[in-house]
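S.K.: Take a look at the letters that make up each chain.
Protein chains: 2
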Amino acid sequence: LLLYFLSGALTHPDPRQREALIKLEASMQMGGQIMLTDAEQRLNSVLMKKKQEELWRADFPPALHFFKAKTLIRTSPIFSVLQKMPKGGALHVHDFSMTDVEWLVKNVTYWPHCYICFTNNQSVRFLFSSQFPKTVLLCSPWVLLEDLRARLINVTDLDNSIKGNLTIFTTQDPNVVYPNQDVIWDRFEQSFLALLGLVTYAPVFREYYYRGLREFYLDNVMYLELRALLPEIYELDGSKHDIAWTLKTYRDVTRQFTAENPGFFGARIIYTVHRGVNLTVMTKAIEEAMELQRNFPDIMAGFDMVGREDSGKPLWYFREALSLPVQKGVTLPFYFHAGETDLEGTDVDQNMLDALLLNTSRVGHGFALPRHPLTKLLSRKRGVAVEVCPISNQVMKLVKDLRNHPAAMLMLEDHPLVISSDDPAMFGSSGLSYDFYEAFVGFGGIRSTLGTLKQLAINSIRYSSLTLEQQDKALALWQTQWDKFVSETV
Amino acid sequence: LLLYFLSGALTHPDPRQREALIKLEASMQMGGQIMLTDAEQRLNSVLMKKKQEELWRADFPPALHFFKAKTLIRTSPIFSVLQKMPKGGALHVHDFSMTDVEWLVKNVTYWPHCYICFTNNQSVRFLFSSQFPKTVLLCSPWVLLEDLRARLINVTDLDNSIKGNLTIFTTQDPNVVYPNQDVIWDRFEQSFLALLGLVTYAPVFREYYYRGLREFYLDNVMYLELRALLPEIYELDGSKHDIAWTLKTYRDVTRQFTAENPGFFGARIIYTVHRGVNLTVMTKAIEEAMELQRNFPDIMAGFDMVGREDSGKPLWYFREALSLPVQKGVTLPFYFHAGETDLEGTDVDQNMLDALLLNTSRVGHGFALPRHPLTKLLSRKRGVAVEVCPISNQVMKLVKDLRNHPAAMLMLEDHPLVISSDDPAMFGSSGLSYDFYEAFVGFGGIRSTLGTLKQLAINSIRYSSLTLEQQDKALALWQTQWDKFVSETV
Ligand SMILES: [Zn+2]
Ligand SMILES: [Zn+2]
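Order-wise, the sequence lines are chains A and B.
According to my numbering, the first sequence is numbered sequentially starting from 108.
According to my numbering, the second sequence is numbered sequentially starting from 108.
Hints may contain errors.
Below are the SDA-like pairs computed for lysine to any residue, each with C-alpha atoms no more than 25 Å apart in a straight line [stated by the list, open to error]:
| hint | chain 1 | residue 1 | chain 2 | residue 2 |
| --- | --- | --- | --- | --- |
| 1 | A | Lys504 | B | Asp454 |
| 2 | B | Lys504 | A | Arg510 |
| 3 | B | Lys504 | A | Leu131 |
| 4 | A | Lys504 | B | Leu162 |
| 5 | A | Lys270 | A | Trp292 |
| 6 | A | Lys157 | B | Asp454 |
| 7 | A | Lys157 | B | Leu162 |
| 8 | B | Lys504 | A | Lys270 |
| 9 | A | Lys270 | B | Phe167 |
| 10 | A | Lys157 | B | Glu451 |
| 11 | B | Lys156 | A | Lys270 |
| 12 | B | Lys420 | A | Leu131 |
| 13 | B | Lys158 | A | Arg510 |
Simulated from the structure, these hints should not be mistaken for lab results.
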């Protein structure tokens with residue numbers, strides 16, 4: 108039909124031909140070829156009707172900044188369906204933004220031996236220590252939080268201020284608080300540093316991760332690939348564990364959680380290094396990653412870099428180090444962040460191509476991909492999925508109105524992609540459902556259906572780092588949950 | 108190379124392969140395969156350097172609403188080059204928004220026998236009449252402007268107010284004055300009705316068109332395809348000419364202007380009808396259009412519909428009428444407005460597909476095209492060019508920041524397209540250079556070059572309604588002007 112039409116023979120316009128072309132275009136989109144069961148079709152009708160109503164709202168959430176949209180989304184009937192929906196895996200989440208900070212503020216900072224200091228750029232640092240710790244650079248002398256709270260009449264203010272320092276979420280106008288990308292990246296990094304002293308304390312570390320898994324699982328995510336810095340975790344006496352210990356702890360907690368929750372399939376770790384390091388440090392990190400990959404093949408999924416692309420070194424700068432595994436014949440899959448930028452024509456803008464040249468398994472973000480037709484084609488042909496993180500891209504100021512997210516085009520073309528949440532706790536979000544909402548109601552527009560959602564869930568398993576055999580097992584588990592969800596929701 | 112790379116053989120990343128892929132992607136964009144002469148390369152370097160400087164500006168014009176950006180653009184060194192540059196043809200311009208209104212206000216409304224009345228929705232109407240005219244619906248009694256001005260101490264205020272009624276341009280915050288698409292379309296139509304009584308008066312009509320041709324010619328546009336309503340033009344005694352007279356007048360004035368200006372190639376008329384009419388009226392209009400096409404084949408280029416797509420009937424509604432020419436074996440080329448919408452999944456959203464099914468020669472706007480992968484493919488394969496009107500799309504509230512115009516992707520894929528200005532006078536713009544600026548500096552981004560601009564000019568002739576032979580003549584004339592421009596500008 109398409110070829111016939113392309114031949115351009117003009118006939119009296121044929122309604123059946125028109126119908127066929129409209130259907131053909133619809134079938135080209137993500138999930139467009141999925142045959143829905145009767146029950147799924149009924150659920151789809153309900154969802155589409157609700158979406159149409161949502162589209163008519165004056166305060167349409169995807170058009171608003173997520174900080175303002177959050178409470179609106181939470182009351183949306185579509186959101187409650189998306190929460191219940193088995194979403195498969197979350198493939199792009201960072202270690203220390205996976206868990207709600209409420210527990211850190213209201214519980215962890217009340218633990219004994221918790222010290223705080225105040226930096227000269229309005230952030231804070233934390234440390235657990237059995238002894239009074241040495242002052243750190245650019246920070247006030249340490250104060251025992253227990254003592255500080257004892258001296259305060261109202262500890263709620265302090266707790267709120269701590270909470271404000273552990274995320275970039277704000278109830279003020281986000282465009283005033285964060286006028287540009289430089290400011291928000293700086294605050295993002297400060298919040299991360301504030302978190303670090305809490306979450307790298309061994310007892311916190313374990314429980315933080317456990318609670319993170321639970322949050323995702325309760326949000327009906329069955330599998331996680333966590334980008335993790337694998338820092339040296341410390342004990343109260345100041346002693347530090349090595350990086351292998353950190354990875355082993357991830358493995359052990361994952362095993363424990365999976366054993367306790369048979370509906371959860373598991374989690375794997377993508378070891379990440381900050382892109383601000385030099386070539387020597389990167390080379391060492393790659394060597395370390397290869398060793399971890401060899402020693403812990405079950406938990407270790409591969410390697411990536413973190414930090415703002417625009418201000419960091421491009422991937423190509425590290426090509427020597429990143430070629431080491433292939434040169435040595437060692438397997439080390441890459442999951443590079445690339446294209447999280449709106450700077451065109453720079454070296455950074457070539458990161459997506461370079462990621463492909465370095466044989467990346469997926470691309471983190473790929474926000475700039477639609478502006479690179481050749482790179483887009485390559486990623487499609489090679490089946491390299493893009494990890495789209497809608498809320499992250501909006502909060503970090505790459506796109507204002509999520510209806511205009513470039514992934515709209517990718518979804519309409521069925522480009523390999525998954526939806527993920529990047530740093531949910533940092534953005535005042537949680538789990539995966541908020542991002543699914545933005546994808547389904549926002550840039551998915553009126554044309555994305557339950558078939559699209561189903562395909563997104565399937566993609567999240569098929570494009571995961573799991574072996575084919577594991578994927579089949581995970582898909583079977585997901586299918587059971589999906590069928591239950593459909594029959595209970597219709 | 109591409110196939111080799113697609114085969115996915117992993118090698119140590121090869122800098123030459125990378126270089127080749129980056130070049131290949133650059134060559135895929137519009138104008139990417141044009142070989143620049145030495146002089147052109149020098150001009151390109153200058154332009155790209157200036158563009159880089161422009162991109163660093165805090166008040167980057169394409170990111171601002173055109174009403175605010177206009178004075179910034181006018182002082183941009185890139186704009187002055189674009190003004191001098193021979194841009195080829197303007198293929199999407201409407202009859203009564205082609206000429207600056209200054210002349211209408213400061214000259215025409217001072218002519219004798221000019222009456223004004225004030226509507227109850229804060230607009231005005233005009234009429235030239237030798238006798239005192241009958242009151243029209245929803246308007247105050249007619250006042251002779253000569254009398255009104257004689258009674259006023261300050262006529263400048265009146266003139267400014269008249270001017271404000273003839274365009275939608277404003278120095279106030281456009282997002283406050285025009286909060287949504289409904290409001291701006293309403294004001295747009297009111298301004299059009301205000302203009303109508305002036306420009307359909309025979310002596311004004313001729314001169315308005317002549318002055319419009321001159322404005323475009325002075326802006327280095329050598330050819331025009333004008334969408335024209337072909338209204339009945341009236342004389343002072345109230346008598347009216349028929350529609351053929353209107354078309355003949357366009358032809359005669361065009362011949363005169365072309366004879367006086369050998370650097371100008373000509374103009375052709377696309378007869379337009381408002382999409383608000385019913386099927387009977389449309390059928391008559393098509394019959395009329397076929398007759399005009401037969402009788403005036405040199406000036407008459409084809410047929411189109413005008414008016415807001417979102418509130419009008421979709422093309423498919425008129426399919427019976429629009430199929431008449433093919434049924435009768437008569438040639439009537441179509442140049443349909445389609446896809447000037449951000450409403451997805453509606454009948455209106457299928458206008459682009461329907462335009463193709465009705466064998467349209469070009470698509471006006473095609474703003475929604477990137478969201479229709481199949482329709483996009485069809486328009487590409489059939490060589491149906493999209494007429495991109497950046498400032499119009501921004502002013503009419505389809506896109507805020509012109510860096511995000513969907514044509515960015517089309518340009519990177521070398522989709523057949525031309526740049527045009529739609530209703531320049533209505534937007535406080537003029538000619539074609541402002542829109543070229545937005546395309547080149549805005550959504551063209553850092554990657555569009557002098558080659559892109561050259562291709563846009565060539566496209567405007569190759570996708571015109573001219574015969575191949577005429578196109579070759581026009582291109583030869585353009586090439587002379589282009590070479591002169593390049594040698595004088597370097
Ligand atoms: Zn990330
Ligand atoms: Zn138009």
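S.K.: Between lysine 504 of chain A and leucine 162 of chain B, is the straight-line Cα distance small enough, at 25 Å or below?
M.R.: Holds: lysine 504 of chain A and leucine 162 of chain B sit about 17 Å apart, inside 25 Å.
S.K.: Compare the distance between the alpha carbons of lysine 157 of chain A and glutamate 451 of chain B with 25 Å, and conclude whether the hinted pair is satisfied.
M.R.: holds (16 Å)
S.K.: Check the hint pairing lysine 157 of chain A with aspartate 454 of chain B against an upper bound of 25 Å on the C-alpha distance.
M.R.: Roughly 20 Å between the alpha carbons, so the hint for lysine 157 of chain A and aspartate 454 of chain B holds.
S.K.: With the threshold set at 25 Å, check whether the alpha-carbon distance from lysine 157 of chain A to leucine 162 of chain B stays at or below it.
M.R.: violated (42 Å)
S.K.: Is the Cα-Cα distance between lysine 504 of chain B and leucine 131 of chain A 25 Å or less?
M.R.: violated (30 Å)
S.K.: Taken at face value, is the distance from the CA of arginine 510 of chain A to the CA of lysine 158 of chain B at most 25 Å?
M.R.: violated (29 Å)
S.K.: Would the hint linking lysine 270 of chain A and phenylalanine 167 of chain B be met if the CA-CA limit is 25 Å?
M.R.: Not satisfied, since the Cα-Cα distance of roughly 36 Å exceeds 25 Å.
S.K.: Quickly compare the C-alpha distance for lysine 156 of chain B and lysine 270 of chain A to 25 Å and report which way the hint goes.
M.R.: violated (46 Å)
S.K.: Are the Cα atoms of lysine 270 of chain A and tryptophan 292 of chain A separated by 25 Å or less?
M.R.: At roughly 18 Å apart (the allowed maximum being 25 Å), tryptophan 292 of chain A and lysine 270 of chain A satisfy the hint.
S.K.: Check the hint pairing lysine 504 of chain A with aspartate 454 of chain B against an upper bound of 25 Å on the C-alpha distance.
M.R.: violated (33 Å)
S.K.: Against the 25 Å threshold, does the CA-CA distance of lysine 504 of chain B and arginine 510 of chain A hold or violate the hint?
M.R.: Holds, because 14 Å separates the two Cα atoms, which is no more than 25 Å.
S.K.: Would you check the hint for lysine 420 of chain B and leucine 131 of chain A, treating anything up to 25 Å between C-alpha atoms as holding?
M.R.: It holds: about 24 Å lies between the C-alpha atoms, which stays within 25 Å.
Checked against the numbered hints given earlier, the structure breaks hints 1, 3, 7, 8, 9, 11, 13 and satisfies all the rest.
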